[in-house]
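**Student:** The residues making up each chain are set out below.
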Amino acid sequence: MQVQTAISTEIPSAPKQRRRRWRRDSTPYLFLIVPLVLLVAFTYIPVLNMFWYSVTDWDGLDKNKEFVGLENYRDIATRPELYGVFKVSLYYFFATFIQLGLALYFATILSFNTRFQSFFKGVIFFPYLVNGVAIAFVFLYFFRPGGVLDSVLAAFGGEGLQRPWLGDRSTVNYSLASVSVWRYLGLNFVLFLGAIQSIPAGLYEAAQIDGANRWHQFRYIIAPGIKPVVSLSFILAIAGAMSVFEIPYIMLGGANGSTTFVIKTIDTAFKFGKVGLASAMAVVLLVLILIVTAIQRILVPDEGGELT
Amino acid sequence: MSDMTLSTKELTESSGDRRLKLMKRSATLGKYGSLVVMCTICVLPLLVLGAASLKSAPEFQADGPFDIPDSPQWSNFQVAFNDGRMATAFVNTTIILIVSLAGTILIGSMAAYAIDRFNFRGRRLVLSLFLLATLVPGVTTQVATFQVVNSLGLFNTRWSAIALYTGTDIVSIYIFLQFVRAIPKSLDEAAFLDGATHLKIYRKIIFPLLRPAVATVSIIKGVQIYNDFYIPFLYMPGRELGTISTALFRFKGPFGTQWEIISAGVLITILPTLLLFLFLQRYFYNGMTAGATK
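Chains E and D, in that order, are what the protein sequence lines are.
Heads up, the first sequence is in my numbering, so the first residue is 1 and it goes up one at a time.
Heads up, the second sequence is in my numbering, so the first residue is 1 and it goes up one at a time.
Chain E with its partners taken away, still in its complex shape (with noise of 0.2 Å):
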């Protein structure tokens, strides 16, 4: 203290000083405490315990948690009807193809000028909007026997292709992969026509006095230009067919063969109260989307680089 006295009196502002470089060298975690304390709760601790659980047959309320060793991923593994549901997510992922190229095509043309442009972008962009609950009614009024599919079938003649496209199990999980594919087209459409609007206009009136058609201006500027947001499209689409959960969840609670993965877990784990093997279920889907992942940050790295 005396020191500390002693230097003050010689330099009058040192304490002033000190303080204010304490406060300055604070500061920054003052203003990160909140939003590190949220993160490590919500998001650090629930993967830390998953793992944790996922060696257990806790079953969610017990005290004790008996340690089984990998007995649940060997579950996982060996039990058809835990592992067979990621079947589901094939019809989900070829519809991925259908989405993408559909949002491509109608980004391309509508970049190009066109009447009421901004009508059919909004059209096309609306239901990437509207409230999942709210879509699930929407399609299961769609489909029902008698509804606005068949009615339009027999519109066009074609009585012969009616059916109960939900209750019926080869057809269902195509109408609910059409479902999500009404739904998140919108979103690819305009991050794909954000894009390609992104390139200077410079470019085409160059190409065309090269004498370039639609198509070269298509494959030559337009392709190279939106390649990282496709594939991270792609990728974001890939990672989204994994855990599909709120369409058929909502429309027909995962009956008739539409279970899915991120389904069956939430089952295992608070209808049937099997939080372990649950656990292990939801580390097998962290796993496998961060595989994919890891897969587009190598194929596209130039994403995320900006972050450091």
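Possibly wrong hints are sitting among the right ones.
To be verified - Pairs of lysine-lysine, DSSO-like flavour, derived with a Cα cap of 27 Å: (1) 271/E / 252/D; (2) 185/D / 200/D; (3) 121/E / 185/D.
Just so you know, the hints here were simulated from the structure itself, not pulled from any lab data.
Since this is a predicted model, take the numbers as computed values, not measurements.
Chain E is fixed; fit chain D onto it per the hints.
**Tutor:** For chain D alone, kept in the frame of chain E given last:
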């Protein structure tokens, strides 16, 4: 643009040009044809609900989905709104929305300010913690998140949703980070030399300049919260805590096959989104682009 250049060329017409003209015309036809088909697919499933929502119960049973209602039964909307407890749902969703948005904006802008403007020990660690967390899809961890929420005593309260919406949103932090980066450092340096504290710099200089980021985050986050089903369904099972999504979900039981009531409920749910979209279109497009690619 190219239509103009071609039509001047067409003055010197030859057989080759005529073929070109025909090709061009069919291309235009294909373009507008496909757009009309696409828009029909987007709009038709929603429009037919409009017809259904205005029919009486016996009329609905007798009619096909494309028949126009004889006399509009606006009472269906009343039944859906009252019996579907949609007033409570709107109140709950609004409370959760406003508190979560305020929390997200405050936390996101503060974190972004700290990360961009200070060089502190552990900065890299903090950044990689946030980056790593973006890779964890929320849907997979609910099994374990549930235990955390439960042990904090938040289960079956609005705070569960508020805490999760505020605490797991890392995309917003990145959006704020980009905007903070664009604010010239000389501004805060000048204020610092004038004796302003960091809190004051954040409040008086940084935050007011983040208005576009606040708009972007509000749009993305607002749509996400309004439409979210998973979190209220899992964490707020109490009937009096119904949000828009869970209240509408509960139409499944009591209204079973009363499609005229269900349709009305669906349209009540969609209407606020539609109005907001019509008035703020530009913000929606910008917001979605910023939110999805970051």
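**Student:** Determine for every hint whether it applies to the structure shown.
**Tutor:** Comparing the hints with the structure gives:
Simply put, residue 271/E and residue 252/D have alpha-carbon atoms about 19 Å apart, close enough for the 27 Å limit, and the pair holds. The straight-line distance between the Cα atoms of residue 185/D and residue 200/D is roughly 15 Å, inside the 27 Å bound, and the hint therefore holds. Of the pairs offered as hints, the one joining residue 121/E and residue 185/D is violated, with about 38 Å between alpha carbons and a cut-off of 27 Å exceeded.
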